[in-house]
Amino acid sequence: MVLVTFTIVLLRYGFDLGWIWLQETVTVMHALVFMLAAAYTLADDEHVRVDIVYNRMTKRARAWVNCLGVLFL
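For the sequence shown, the positions run 783 to 855 when our numbering is used.
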């Protein structure tokens with residue numbers, strides 16, 4: 783992804799060429815990386831949440847919070 787971004791910058795400023803499809807590819811790659819990272823952290827139960835509130839909830843409320851987290855991921 784870094785090499786593709788470097789290529790885009792080099793083409794744009796070095797050769798005055800711009801490829802929109804290549805820029806869109808980098809955007810899609812970023813989205814893919816973030817979504818995969820979010821899914822990985824959710825699977826390992828390491829995603830960010832307010833533990834002060836979460837730890838005081840009942841088991842049923844925690845289950846609802848976890849379900850909503852999966853749905854909005």
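It is worth saying that the hints were derived from the structure and are not from the lab. C-beta atoms are modelled at their ideal positions from N, C-alpha and C, and glycine is treated no differently. Treat the hints with caution; some may be incorrect.
Have a look at the derived ranges for each label pair, beta carbon to beta carbon [what the hints assert, rightly or not]:
1) V791 x R842: 46 to 56 Å
2) D826 x L853: 44 to 54 Å
3) L792 x A813: 20 to 30 Å
4) A819 x T787: 12 to 22 Å
5) R838 x F788: 27 to 37 Å
6) T840 x V815: 53 to 63 Å
7) N848 x L799: 45 to 55 Å
8) L785 x M817: 19 to 29 Å
9) V852 x L793: 24 to 34 Å
10) W803 x N848: 31 to 41 Å
Verification of the hints:
no.	hint	in the structure
1	V791 x R842: 46 to 56 Å	holds, 52 Å
2	D826 x L853: 44 to 54 Å	violated, 18 Å
3	L792 x A813: 20 to 30 Å	holds, 23 Å
4	A819 x T787: 12 to 22 Å	holds, 18 Å
5	R838 x F788: 27 to 37 Å	violated, 48 Å
6	T840 x V815: 53 to 63 Å	violated, 35 Å
7	N848 x L799: 45 to 55 Å	holds, 48 Å
8	L785 x M817: 19 to 29 Å	holds, 21 Å
9	V852 x L793: 24 to 34 Å	violated, 40 Å
10	W803 x N848: 31 to 41 Å	holds, 39 Å
In summary, the structure is inconsistent with hints 2, 5, 6 and 9 from the numbered list given earlier, while agreeing with the others.
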